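Asker: Given next are the chains, with one letter for each unit.
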Amino acid sequence: MQITSRRKTAATFIVLGACSVGLALALNITWVIRWREVGMAVLGFLFFGFIMAGVTLNTIFLVREIRRNEQHDSFINAMTHELKTPIASIRLYLETLQSRNLDEAQRTNFYRIMLEDTDRLLGTVEQVLRAGKTSHKPERRNWKQFDIGELARECVELARTRHHLDAEAVEFHDHAVGSEENRVNGEAEELSAAISNVLDNAVKYSTSPVRVRVEVLAEGAHVLVRVKDHGVGIPPPELKRIFRRFYRVPQRIKARVKGTGLGLFIVRSVARHHGGDAYASSEGEGLGATVTIKIPRVYNR
Amino acid sequence: MSRILVVEDELHLAQGLQFNLEAEGHEVTAVESGEAALQLLLTEKVPFEAVVLDVMLPGCDGFTVATELRKARNYVPILMLTARSRPEDVLKGFESGTDDYLPKPFDLSILIARIRGLLRRTAWMQHERPAETAVAAGGNETEIHHFGKRVIDLTNLELRDGDEVVRLTLMEVDLLRYFIRNAGRVISRKEILDEVWGLREDTDTRAIDNFVVRLRRYIEEEPSHPRRLVTARGVGYRFVEEPAKEE
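Taken in order, these protein sequences are the chains called A and B.
For the first sequence, our numbering begins at 1 and goes up steadily by one.
For the second sequence, our numbering begins at 1001 and goes up steadily by one.
FYI, nobody ran anything at the bench for these hints, they're computed from the structure.
Since the structure is predicted, the reported quantities are computational estimates derived from the model, not experimental observations.
Heads up, the beta-carbon is just placed ideally off N, CA and C, and yes, glycines get one too.
There's no promise every hint is true.
Claimed, not checked - Heads up, simulated DSBU-like pairs for lysine-lysine below, C-alpha to C-alpha not over 30 Å straight-line:
1. A:Lys258 x B:Lys1071
2. A:Lys133 x A:Lys84
3. A:Lys8 x A:Lys204
4. B:Lys1092 x A:Lys84
5. A:Lys137 x A:Lys240
6. B:Lys1149 x A:Lys258
7. B:Lys1071 x B:Lys1045
8. A:Lys228 x A:Lys204
9. A:Lys84 x A:Lys204
To be verified - Computed beta-carbon distance windows for the label pairs:
10. B:Tyr1075 x A:Glu285: 35 to 45 Å
11. B:Lys1149 x A:Asn69: 19 to 29 Å
12. A:Glu171 x B:Pro1058: 45 to 55 Å
13. A:Thr59 x B:Thr1169: 44 to 54 Å
14. A:Glu157 x B:Leu1011: 53 to 63 Å
15. A:Leu23 x B:Glu1088: 42 to 52 Å
16. B:Arg1121 x A:Thr118: 51 to 61 Å
17. B:Gly1059 x A:Arg213: 21 to 31 Å
18. A:Pro237 x B:Glu1088: 48 to 58 Å
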């Protein structure tokens, strides 16, 4: 991240430097050779063009750099919140257990709350570690063949439990249950994390009541896992950006919907590592969104 | 028993805080958003003795809630509770009008002690202070002084100028009260530090000059030509009860 941004800053300066050198040469050469005025005018236009291009590039990179910094800031804030909140909660309940006389029911309730908090903490930590891992090349020797339809069904069941939803709120359709069509080659744990991220987003950005539909279907040489929600939707210009690292739709940041900006980045990285891709579509704001993970099928290889 | 409002969107924390504050004998209301808090405090005017306020709330955040409350002249004591502990965040908290700031994760006993501190401050302001001044002034009446058109109510810490009401700080009121009680006598800066604020002698005495400038703005018609709170050069200040009419 830092390296690429430095490279870009360096490029800016190189362009600017080249322009200045060009300008100096132009002034000297025209003075020595005494070209006709027309020639000088052409050269002048040319180098003015260069300078303008340099200035424009400089501005573009500057704006990008500022945006990147903002994203970093909001990521750090979100991360601080996501890490400290469950710790604060666990600590509060531990101190309560330590300092007050409680009956059995209260104790059990507090233990349950603390366990949920550790799960949340673990989830955040795993998310960060996974985001760090995705920059490395995947190790194919851990790869196995498995049924992605089966995996998606497990993810859906986990999501239902995690968000306390019933089968009606999160529907699941596998168009080729148990058939060879669903077999893919890869790391089940990674793909499961990717599918869970998409499901969590679908629930998080849903307006109540939650209505999410998950489909597994074959399309050409790929299997698609498609998650469709009826939530806040995604404005068209953001459809691609949301897969970038740390990127969050500005309206969501403003509305303080919690998130780190890592979820969909992980989804896309995992899909690409498996030779596939991930993409989103939406009818517009307030009309829900569909996120699709596309993975190559085994028997086509 | 006091009524406490907990504004926290993290359900687990809100429940834990509510449980503990109730165990301390308070009556607790918990809400999940800044809008809900403002609705209760400003629109419905529910009287709370203290507010525990989270900063990162969905929609209107804690800083905004504190600012809105103070703008609407609601001076309920606020304890801000937040995951952000960088100095600039703490400063932003205090600027928005909070009384205390506690970073998460916090120590339960410290949280309870701080809330108790805020409640105690309110109790002192409401009961013990006026009683003490009433005895000292030799009567039961609230301490009200007139300075031209302006009225200063030392008991309720406010200055009224027509329809305008200005809140005074406790330190300003203490100093003014001391001047009034010792009218006519020259009071040294050292005496002010010792007797009025109970501060140590090595405190910078120029702080007093700043306070006097503020008091002059409250009670003088022309603060640049003081006639009530006059400077005794090289020593301190003298309060004149009935300044001579200007020729």
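Asker: Take the hints in turn and mark each one as holding or not.
Answerer: Results for each hint:
1. Taking the CA atoms of Lys258 (chain A) and Lys1071 (chain B), the gap is about 28 Å. The hint holds against a cut of 30 Å.
2. For a cut-off of 30 Å, the pair hint linking Lys133 (chain A) to Lys84 (chain A) stands: about 23 Å separates their Cα positions.
3. The suggested pairing of Lys8 (chain A) with Lys204 (chain A) is violated, with an alpha-carbon distance near 35 Å, which exceeds 30 Å.
4. Pair hint Lys1092 (chain B) plus Lys84 (chain A) holds up; C-alpha atoms about 20 Å apart against a cutoff of 30 Å.
5. Taking the CA atoms of Lys137 (chain A) and Lys240 (chain A), the gap is near 23 Å; set against the 30 Å cutoff, the hint holds.
6. Of the pairs offered as hints, the one joining Lys1149 (chain B) and Lys258 (chain A) is violated, with about 53 Å between alpha carbons and a cut-off of 30 Å exceeded.
7. For a cut-off of 30 Å, the pair hint linking Lys1071 (chain B) to Lys1045 (chain B) stands: about 15 Å separates their Cα positions.
8. As the CA atoms of Lys228 (chain A) and Lys204 (chain A) are separated by approximately 13 Å, the hinted pair is consistent with the 30 Å bound.
9. At roughly 20 Å between alpha-carbon atoms, Lys84 (chain A) and Lys204 (chain A) fall within 30 Å of each other, so this suggested pair holds.
10. Between Tyr1075 (chain B) and Glu285 (chain A) the beta carbon distance is about 40 Å. The supplied range of 35 to 45 Å therefore holds.
11. The hinted range of 19 to 29 Å is not satisfied by Lys1149 (chain B) and Asn69 (chain A), whose Cβ atoms lie roughly 53 Å apart.
12. Range check, Glu171 (chain A) to Pro1058 (chain B): Cβ separation about 27 Å, and the 45 to 55 Å hint is violated.
13. A hinted range of 44 to 54 Å for the beta carbons of Thr59 (chain A) and Thr1169 (chain B) is consistent with their spacing of about 48 Å.
14. Glu157 (chain A) and Leu1011 (chain B) have their C-beta atoms about 23 Å apart, which leaves the hinted 53 to 63 Å range violated.
15. At about 43 Å, the beta-carbon gap between Leu23 (chain A) and Glu1088 (chain B) stays in the expected band of 42 to 52 Å.
16. Distance hint for Arg1121 (chain B) and Thr118 (chain A): a CB-CB separation of about 37 Å, inconsistent with the stated range 51 to 61 Å.
17. Range check, Gly1059 (chain B) to Arg213 (chain A): Cβ separation about 29 Å, and the 21 to 31 Å hint holds.
18. A hinted range of 48 to 58 Å is violated for the C-beta pair Pro237 (chain A) and Glu1088 (chain B), which are about 32 Å apart.
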